[in-house]
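Trainee: Chain by chain, the residues:
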Amino acid sequence: MNPVNYLYLSALLFTIGASGVLIRRNAIVLFMCVELMLNAANLALVTFSRLHGNLDGQIIAFFTMVVAAAEVVVGLAIIVSIFRTRHSASVDDTNLMKL
Amino acid sequence: MSPVQLAAAAATGTTSTGEAVQFWVLAVIAVGGALGTVLMRKAVHSALCLAGTMLALAICYMAQGAVFLGVVQIVVYTGAIMMLFLFVVMLVGVTSADSLKETLKGQRWAAALCGLGFGVLLIAGIANAHLHTFSGLGEANSGGNVQGLARLIFTRYVWAFEVTGALLITAAIGAMVLTHHERTEQRASQRELAERRVREGVQVTPLPAPGVYARHNAVDIPGLLPDGTTAEVTVNPTLRARGQIRDVSHDMLRRMEQLESTTADYLGRTLPPRRTVKSPRAPITAGAADEAAEAARTEEEAEQQ
Chain A
1 MNPVNYLYLS ALLFTIGASG VLIRRNAIVL FMCVELMLNA ANLALVTFSR
51 LHGNLDGQII AFFTMVVAAA EVVVGLAIIV SIFRTRHSAS VDDTNLMKL
Chain B
100 MSPVQLAAAA ATGTTSTGEA VQFWVLAVIA VGGALGTVLM RKAVHSALCL
150 AGTMLALAIC YMAQGAVFLG VVQIVVYTGA IMMLFLFVVM LVGVTSADSL
200 KETLKGQRWA AALCGLGFGV LLIAGIANAH LHTFSGLGEA NSGGNVQGLA
250 RLIFTRYVWA FEVTGALLIT AAIGAMVLTH HERTEQRASQ RELAERRVRE
300 GVQVTPLPAP GVYARHNAVD IPGLLPDGTT AEVTVNPTLR ARGQIRDVSH
350 DMLRRMEQLE STTADYLGRT LPPRRTVKSP RAPITAGAAD EAAEAARTEE
400 EAEQQ
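Chains as they are written, first to last, in my numbering: chain A, 1 to 99; chain B, 100 to 404.
Hints in this document: simulated from the structure, not taken from any laboratory. A virtual CB, placed ideally from N, CA and C, is assigned to each residue, including glycine. Keep in mind that the hints are not guaranteed to be accurate.
DEER-style ranges, computed between Cβ atoms [stated by the list, open to error]: (1) V276(B) / M1(A): 45 to 53 Å; (2) T94(A) / L370(B): 56 to 64 Å; (3) T94(A) / G242(B): 49 to 57 Å; (4) D93(A) / V347(B): 34 to 42 Å; (5) M1(A) / R345(B): 47 to 55 Å; (6) A271(B) / V91(A): 22 to 30 Å; (7) T232(B) / D93(A): 51 to 59 Å; (8) T254(B) / T94(A): 43 to 51 Å; (9) I225(B) / D56(A): 13 to 21 Å; (10) T94(A) / S360(B): 53 to 61 Å; (11) D93(A) / G327(B): 35 to 43 Å; (12) V91(A) / D319(B): 25 to 33 Å.
Given the sequences, and given the hints that come with them, work out the whole structure.
Mentor: If you want it as structure tokens, here you go:
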């Protein structure tokens, strides 16, 4: 097997995550799909690290994980505070600015 | 064979048979989990599917010589982030179930088509790239994966590492600011609550317990009204919203009917035709309960102003 298959897996997971963001409307599930996309990107970075034979790709994947953790903390806090005021976690209901 | 040796063996451009078998097993699990995340209706099931995908990816990292990242993936992603997700699913609760109603016509199909096109483009791009010589991490990992990463983080990437600290502090403060609520009025005392209940007159007494006069007294079995129909207020609203109410009243009504007819046979009486019982009041569904709660809340706010 050629290790490039890891890149195909990563592309497939990223695509599934992106489609999920477009299809689903529950804010929590949307966030999970974004996490899936970040994980797919990490897999690609790790594979690139192996391709080039140095560890920089792994360092960047590590920083991606840190940023993802910070993003999830803030994002879930926003979801909880929206849920408190609007009593819904659906992104369709957050339309106060709509004409 | 350690992951370092595995990655070193990959320098030729092909992996060992063991890694190939592992990859195909993990790829099926990862893609299945990803599809489950997108397609499952309940957020909890999505979260569990995503956790499965992340575990499969962690093993992929380790197989590729990224031992430290594999462990971090398990500890941080499946350990911390997924627990945070489950915590929020628990907080937000069952009322956040996705509606299947489409607000934009044909949006779902258009989105799926976009996703398909995007995937085809991405995969075709990778297939056209010439990526046939993999150097492998044998040399880079020769002093140990963790040591190699540490050397890079604290030399070339030390500035990014320090900025990460600022990012994490900002995120923690942001989460606290967003979820903190200042209490501006005093908490209602027990007397005030009782007075409000009497003034509103909706339900003055405490709510009736579940299972009264039903066959069981489990929490998910509604109590029965005198005419044998169920009283849905007796069941916890969360169970009502999930549709997890077990109704045993039909069973009991049927048995009572049998008993009556046996008695009537014995006494030689003819029973009048039995009318079908209808609920004396409209059953309280999840939506109605929410509306009632909403109405009560707006009233409360109006009172405060």
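Trainee: Could you tell me which of the hints above the structure violates, numbers in ascending order?
Mentor: none
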